[in-house]
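All chains, full assembly: derive it from the sequences and hints.
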Amino acid sequence: MHDPALEVTDLSFRYGKKEALRSVSFRVMPGEFCALLGPNGAGKSTLFALLTRLFVARQGRIAVMGQDLQTNPRAALACMGVVFQQMTLDLDLSVARNLAYFGALHGLSRREAALRAGAVLERLDMAERAREKARNLNGGHRRRLEIARALMHRPRLLLLDEPTVGLDTRSRAAITAHVHALARDDGIAVLWATHLVDEVAPEDTALILHQGEILQTGRADQLAPKGGLAAHFMHLTEEPVT
Amino acid sequence: MSLYLHALAAILIREALRFVTQRERFLAALVRPLVWLIVFAAGFRAALGLSITPPYQTYITYEVYIIPGLCAMIQLFNAMQSALSLVYDREMGSMRLLLTAPLPRWWLLFCKLLAGVLVSILQVYAFLGIAYLYGIKLPPMGYVWVLPALLVSGMMLGAVGLFLASTIRQLENFAGVMNFVIFPVFFLSTALYPLWRMAESSRLLRDICAWNPFSHAVELIRFALYMRLNPEALGWVALTFAVFLTLAIWGFDPARGIMTRKASP
Numbered sequence: 001m002h003d004p005a006l007e008v009t010d011l012s013f014r015y016g017k018k019e020a021l022r023s024v025s026f027r028v029m030p031g032e033f034c035a036l037l038g039p040n041g042a043g044k045s046t047l048f049a050l051l052t053r054l055f056v057a058r059q060g061r062i063a064v065m066g067q068d069l070q071t072n073p074r075a076a077l078a079c080m081g082v083v084f085q086q087m088t089l090d091l092d093l094s095v096a097r098n099l100a101y102f103g104a105l106h107g108l109s110r111r112e113a114a115l116r117a118g119a120v121l122e123r124l125d126m127a128e129r130a131r132e133k134a135r136n137l138n139g140g141h142r143r144r145l146e147i148a149r150a151l152m153h154r155p156r157l158l159l160l161d162e163p164t165v166g167l168d169t170r171s172r173a174a175i176t177a178h179v180h181a182l183a184r185d186d187g188i189a190v191l192w193a194t195h196l197v198d199e200v201a202p203e204d205t206a207l208i209l210h211q212g213e214i215l216q217t218g219r220a221d222q223l224a225p226k227g228g229l230a231a232h233f234m235h236l237t238e239e240p241v242t
Numbered sequence: 001m002s003l004y005l006h007a008l009a010a011i012l013i014r015e016a017l018r019f020v021t022q023r024e025r026f027l028a029a030l031v032r033p034l035v036w037l038i039v040f041a042a043g044f045r046a047a048l049g050l051s052i053t054p055p056y057q058t059y060i061t062y063e064v065y066i067i068p069g070l071c072a073m074i075q076l077f078n079a080m081q082s083a084l085s086l087v088y089d090r091e092m093g094s095m096r097l098l099l100t101a102p103l104p105r106w107w108l109l110f111c112k113l114l115a116g117v118l119v120s121i122l123q124v125y126a127f128l129g130i131a132y133l134y135g136i137k138l139p140p141m142g143y144v145w146v147l148p149a150l151l152v153s154g155m156m157l158g159a160v161g162l163f164l165a166s167t168i169r170q171l172e173n174f175a176g177v178m179n180f181v182i183f184p185v186f187f188l189s190t191a192l193y194p195l196w197r198m199a200e201s202s203r204l205l206r207d208i209c210a211w212n213p214f215s216h217a218v219e220l221i222r223f224a225l226y227m228r229l230n231p232e233a234l235g236w237v238a239l240t241f242a243v244f245l246t247l248a249i250w251g252f253d254p255a256r257g258i259m260t261r262k263a264s265p
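Read top to bottom, the protein sequences are chains Z and P. Take 1 as the starting number for the first sequence in full-length UniProt numbering and just add one per residue. Take 1 as the starting number for the second sequence in full-length UniProt numbering and just add one per residue.
Derived by calculation from the structure, the hints in this document are not laboratory data. All C-beta atoms, glycine included, are put in the ideal place defined by N, C-alpha and C. It is possible that part of the hints are untrue.
Simulated DEER-style distance windows between Cβ atoms [what the hints assert, rightly or not]:
hint: 1; chain 1: P; residue 1: M178; chain 2: Z; residue 2: R22; range: 38 to 44 Å
hint: 2; chain 1: P; residue 1: V20; chain 2: Z; residue 2: A127; range: 23 to 29 Å
hint: 3; chain 1: Z; residue 1: D186; chain 2: P; residue 2: A126; range: 45 to 51 Å
In structure tokens, the structure reads:
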């Protein structure tokens with residue numbers, strides 16, 4: 001049995017008096033695709049800010065590949081790749097430069113970064129675009145580039161915060177398929193935050209977050225065997241999801 | 001090369017590439033001091049008499065006097081520009097990427113600071129080159145001596161900008177900072193007038209100018225341009241740098257600083 005790639009225990013967070021997360025606990029195992037499902041305002045982005053150490057929680061514990069994020073942040077951050085909801089590319093730089101910049105932040109030499117950039121771009125069907133400026137890419141390819149960048153340092157955990165927002169159906173499907181393949185083929189643990197139920201495959205783990213609390217967790221097809229996940233979610237939260 | 005140096009090199013290269021691609025920024029940074037030098041200084045030349053004060057050993061024209069102040073002005077505006085882009089990056093998200101790198105946050109901020117300073121030094125040398133062609137010739141070795149002075153003064157001003165970036169909630173608030181920080185800091189300094197001139201009009205203003213760290217940055221540059229070290233100015237600039245860098249690191253610390261409070265919806 002493997003150790004969890006991500007283990008969150010009793011995590012709480014407040015913005016002043018407003019409670020954003022309340023005693024959240026869950027784990028994501030290597031090779032598992034975990035969909036963090038919740039409507040806008042559920043606390044997904046706050047949870048991501050805590051998981052990536054942009055904020056620090058006063059209560060609770062986060063461990064990445066056994067490394068405590070609070071006491072050993074560098075080791076924990078080195079194990080994770082992140083795709084934020086907002087785009088974080090440098091649009092003035094080329095695709096290859098964006099990847100090289102990120103690789104260097106993770107200690108890759110120029111040669112090593114170039115090799116890995118070639119490999120990840122190949123995998124995401126973007127090899128021919130390496131010299132293009134990020135500004136010239138469409139929304140779907142920008143997202144693919146962000147995923148490629150998050151894979152440069154070969155993380156064991158991939159965090160994606162609503163990565164398909166604003167994309168057309170085809171791009172959404174392609175990106176969802178790519179990330180599922182990463183979990184299945186490479187054993188990368190994936191935490192995928194979304195409010196779009198159709199991005200969750202039946203065999204995925206679904207984690208339903210509502211008003212800062214985890215309401216339910218389990219295999220998507222077991223949580224909602226009959227009416228589908230969207231109906232189940234509505235039933236639980238009394239809020240619709242698409 | 002260690003992880004630290006890889007990150008430093010990456011951030012320096014990124015800033016250099018951005019600098020090269022943003023030619024308008026470079027030109028804007030040069031136009032401002034050149035307008036002061038060519039228009040403002042020409043007008044004030046007749047009105048202001050300048051006695052011999054160190055490091056000058058003879059009477060000088062007003063244009064020569066304000067050269068160090070304009071060098072510092074370039075660095076001041078560059079520091080504020082860097083702070084502005086930091087606030088923008090934070091709002092737009094790319095700052096998040098940097099802050100999730102597996103490196104101490106103080107090192108990442110230091111790298112950003114150093115990258116901005118190196119860009120400002122390039123701008124200062126371009127300005128000094130144009131001033132030379134305009135007829136303002138400084139001692140040849142002064143152009144070499146001024147390099148470390150520009151590095152130190154740039155780091156101080158950059159640290160102030162970094163601190164401001166950690167405290168400003170939204171991009172829109174930056175205009176206020178421009179009015180309430182840049183202009184008082186520049187005008188209440190020795191950039192445009194020597195202290196004894198200021199004392200003639202107001203003792204209080206003279207004292208404010210003497211305490212202003214920007215004055216010390218200007219004097220550090222002024223003395224270096226004439227191959228002299230001003231230890232008092234260096235001390236004040238180094239102290240100000242240390243204080244503001246510490247405050248900025250505190251401000252960006254996810255556990256203690258202002259970043260967490262900024263997240264309030």
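We went through each hint and held it up to the structure:
no.: 1; hint: M178/P x R22/Z: 38 to 44 Å; result: holds, 42 Å
no.: 2; hint: V20/P x A127/Z: 23 to 29 Å; result: holds, 26 Å
no.: 3; hint: D186/Z x A126/P: 45 to 51 Å; result: holds, 49 Å
When held up to the earlier numbered hints, the structure conflicts with none and fits them all.
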